[in-house]
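Asks: Below, each chain spelled out in residue letters.
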Amino acid sequence: AQKVTQAQTEISVVEKEDVTLDCVYETRDTTYYLFWYKQPPSGELVFLIRRNSFDEQNEISGRYSWNFQKSTSSFNFTITASQVVDSAVYFCALANFGNEKLTFGTGTRLTIIP
Amino acid sequence: DSGVTQTPKHLITATGQRVTLRCSPRSGDLSVYWYQQSLDQGLQFLIHYYNGEERAKGNILERFSAQQFPDLHSELNLSSLELGDSALYFCASSVATREDEKLFFGSGTQLSVL
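Protein chains in written order, with the numbering used here: chain V, 3 to 116; chain U, 26 to 139.
Hints are not guaranteed to be accurate.
[What the hints assert, rightly or not] Examples of chain V residues toward chain U, derived with CB under 7 angstroms:
hint : residue
1    : Lys5
2    : Glu46
3    : Phe49
4    : Phe56
5    : Ile81
6    : Ala83
7    : Thr108
[Unchecked claim] A few chain U positions that, by computed beta-carbon distances, are all more than 12 angstroms from chain V:
hint : residue
8    : Asp26
9    : Lys34
10   : Asn84
11   : Ser105
12   : Ser111
13   : Glu126
[Said to hold, decoys possible] Pairs of lysine-lysine residues, derived as DSS-like cross-links and limited to a Cα-Cα distance of at most 30 angstroms, are as follows:
hint : chain 1 : residue 1 : chain 2 : residue 2
14   : U       : Lys34     : U       : Lys127
15   : U       : Lys127    : U       : Lys82
16   : V       : Lys72     : U       : Lys82
17   : V       : Lys40     : U       : Lys34
18   : V       : Lys5      : V       : Lys72
19   : V       : Lys18     : V       : Lys40
20   : U       : Lys127    : V       : Lys72
21   : V       : Lys40     : V       : Lys72
22   : V       : Lys40     : V       : Lys5
23   : U       : Lys127    : V       : Lys5
24   : V       : Lys18     : U       : Lys34
25   : V       : Lys5      : U       : Lys82
26   : U       : Lys127    : V       : Lys40
27   : U       : Lys34     : U       : Lys82
Hints are computed from structural coordinates only; laboratory data are not their basis. Quantities reported herein were computed from a predicted structural model and do not represent experimental measurements. Don't be surprised by glycine CBs; every beta carbon is placed ideally from N, CA and C.
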């Protein structure tokens, strides 16, 4: 069975601070994909990133960066110099190769205080 | 705007009733997925259709059914509604058959069962 754990239910930081959202996953498969989605107050789910299990390179996209570590089964997400527009619920998700469903974590509600 | 259209945005109904949620995928996308987001269960995969055929089922109740039509739009039918069915129902689409591809989510239908 696959499982995604986001232990941080809510985080609040002051604008311009850096913040890291944790994601730990469990899967028996050797090939899998990890995702992060953002759900702003408007409610839609916005795709942020997809990584496959063969690629442990960290990725940076603007103020966003992701740290994938297979040894600890973690796929953490860091926002640098946070902004109020980053306030949202962030979901980590897992898909096993050939398995046609995403398993989502319970989400982390991030509030950026101006 | 993801390009995935869900209607209606809000639906209020009574227990025992039946409702139909509609989803139009992005142009060119053959796969449609349905997810349910509730406070107690989080984001749960319900069902996946590819080019009109059911490909995978998740935690979908027997009272729920779905189909994908030749024009690729999809409908999720919920019957004998219970209070616990109140949730945000998302539709997502992708070009490919597997969820390791990027999913584009609609803005959801908020169902309230009173």
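Asks: Mind listing which of the numbered hints don't hold for this structure, in increasing order?
Replies: As far as the earlier hints go, 1, 4, 5, 6, 8, 9, 10, 13, 24 are violated by this structure, in ascending order.
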